[in-house]
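With chain S held as given, fit chain B onto it using these hints.
As you go down the protein sequences, you meet chains S and B in turn.
So for the first sequence, our numbering puts the first residue at 1; every next one is plus one.
So for the second sequence, our numbering puts the first residue at 1; every next one is plus one.
The hints are simulated quantities; they were obtained by calculation from the structure and are not laboratory data.
If you're wondering where the values come from, they're calculated on a predicted model, not measured in any experiment.
Cβ coordinates follow ideal geometry from the N, Cα and C atoms, glycine included.
Computed list of chain S residues with no C-beta within reach of chain B, every gap over 12 Å: (1) 15; (2) 23; (3) 149; (4) 154; (5) 158; (6) 159; (7) 162; (8) 166; (9) 178; (10) 183; (11) 208.
Cβ-Cβ distance ranges computed for the label pairs, FRET-style: (12) S/185 x B/183: 38 to 48 Å; (13) S/147 x B/3: 42 to 52 Å; (14) B/99 x S/107: 40 to 50 Å; (15) S/18 x B/76: 17 to 27 Å; (16) B/38 x S/105: 52 to 62 Å; (17) S/107 x B/183: 51 to 61 Å; (18) S/108 x B/84: 42 to 52 Å.
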Amino acid sequence: MVPVTFGDDLSAMSDRLDELYEGLFGEDDDPLDQWATRTIVTTMLPLLAVLSVLQMVSGSVLQAFEETLLAYPALLVLVPVQIGTAGNLASIMCARLSTQLHLGTFELDPSNPDVRANTLAILGLAATVFLVVGIAAWAIGRVLGGDLALLAVLTISMVSGMALAVLVVVLSLLSVWGSFRLGYDPDDTTIPLVTNVCDIVGVLLLFGVASVVI
Amino acid sequence: MPHDTALEVYRSALPVILVSLVAGLFAGTILGSETMRAGIESVPGLLLLLPAFLATRGSVYGSLGARLSSGLHQGVIEPRFEADERLVNAVVASFINGMAVSVFIACVAFLVLVVSGREGSLLQLVGIMLIAGFLSALLMLSVLVSVVFVGYRRGFDPDNLIGPLVTTLGDVFGVFFLLVGVLIVGWFL
Numbered sequence: 001m002v003p004v005t006f007g008d009d010l011s012a013m014s015d016r017l018d019e020l021y022e023g024l025f026g027e028d029d030d031p032l033d034q035w036a037t038r039t040i041v042t043t044m045l046p047l048l049a050v051l052s053v054l055q056m057v058s059g060s061v062l063q064a065f066e067e068t069l070l071a072y073p074a075l076l077v078l079v080p081v082q083i084g085t086a087g088n089l090a091s092i093m094c095a096r097l098s099t100q101l102h103l104g105t106f107e108l109d110p111s112n113p114d115v116r117a118n119t120l121a122i123l124g125l126a127a128t129v130f131l132v133v134g135i136a137a138w139a140i141g142r143v144l145g146g147d148l149a150l151l152a153v154l155t156i157s158m159v160s161g162m163a164l165a166v167l168v169v170v171l172s173l174l175s176v177w178g179s180f181r182l183g184y185d186p187d188d189t190t191i192p193l194v195t196n197v198c199d200i201v202g203v204l205l206l207f208g209v210a211s212v213v214i
Numbered sequence: 001m002p003h004d005t006a007l008e009v010y011r012s013a014l015p016v017i018l019v020s021l022v023a024g025l026f027a028g029t030i031l032g033s034e035t036m037r038a039g040i041e042s043v044p045g046l047l048l049l050l051p052a053f054l055a056t057r058g059s060v061y062g063s064l065g066a067r068l069s070s071g072l073h074q075g076v077i078e079p080r081f082e083a084d085e086r087l088v089n090a091v092v093a094s095f096i097n098g099m100a101v102s103v104f105i106a107c108v109a110f111l112v113l114v115v116s117g118r119e120g121s122l123l124q125l126v127g128i129m130l131i132a133g134f135l136s137a138l139l140m141l142s143v144l145v146s147v148v149f150v151g152y153r154r155g156f157d158p159d160n161l162i163g164p165l166v167t168t169l170g171d172v173f174g175v176f177f178l179l180v181g182v183l184i185v186g187w188f189l
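Pulled out of the complex, with its shape left as it was, chain S reads as follows (with noise of 0.2 Å):
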């Protein structure tokens, strides 16, 4: 199974940097204290570097649209704020749904009331948030030197962040369901799955849309 493998990958790394961190800075004291400098090393280094290495995905679709960038800054304006947006919206959905099924509330289910309430209340803030920066990043790009029209800013700010907002909600629904499933705790699996492929999904909806419009 694919998660097994990619999790025993990341303790054998995790094991390799620990020896590494010994090499270098000797022994702590008690190496298993939770609180250890190498203990917090050790663990995180080898998730950053796989975030690091997937985030390069978002780098190079950001890296080929390079010129049209450059050209509108407006679409530069749009970048940190959708990557943003993504990030907080999926979240927020995660940690409301992983409450509910510990709650025991939670069903996979578009009927459920619980269910309907967030996901209305996700695609009220994408079309809340996206209207607003569609409007601001139009004008900074104004003040900045690009010529892009309103319309075609606001396009693009909407079309793509509502598609994102559709994807957060269902990607979301379906993670929370599935960690439940395989027997992990949503509030430790869902937040940081989630929010790093909507941060990646974000960019290349942002460009996807873009090169219709412009």
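Below, chain B without anything else, positioned relative to chain S:
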């Protein structure tokens, strides 16, 4: 327990979302500025490493914040600015993580450039990441420890402060320090 209503969820989440929106616009404005655009043109690979740099900032300092918050709740650390062993360990570990992953990102970005047949300078990318990583570590570590401790002493749950703090400061200053790194390295290389 009564069911959530969409409006309640919307209302409770809106402030945090709006704060991070404003921060994102600041970060975006720095990114879209003329100086930064000139930097993007002159440093091949800068856009490539941007998302990884921002995302790892969030993870390193978000996890430190969560650790401090749990430590305070459990009573294993005290909200005082003293050289407590656990606190020092956690701060040093975040610093090592932040710096190590910054250099790693520069190397991976360079590899991607080489593999995709583009030109790039490893020294330039590592230099920029070291400066940006170091400056953001100084800022994030001092602000995070201060806000979590002061917030806790004033009766706020630090769990509610960390998320918005790390995303807003991390993104705005991440992009800003990246620009500083580009400028400083530009004088030497």
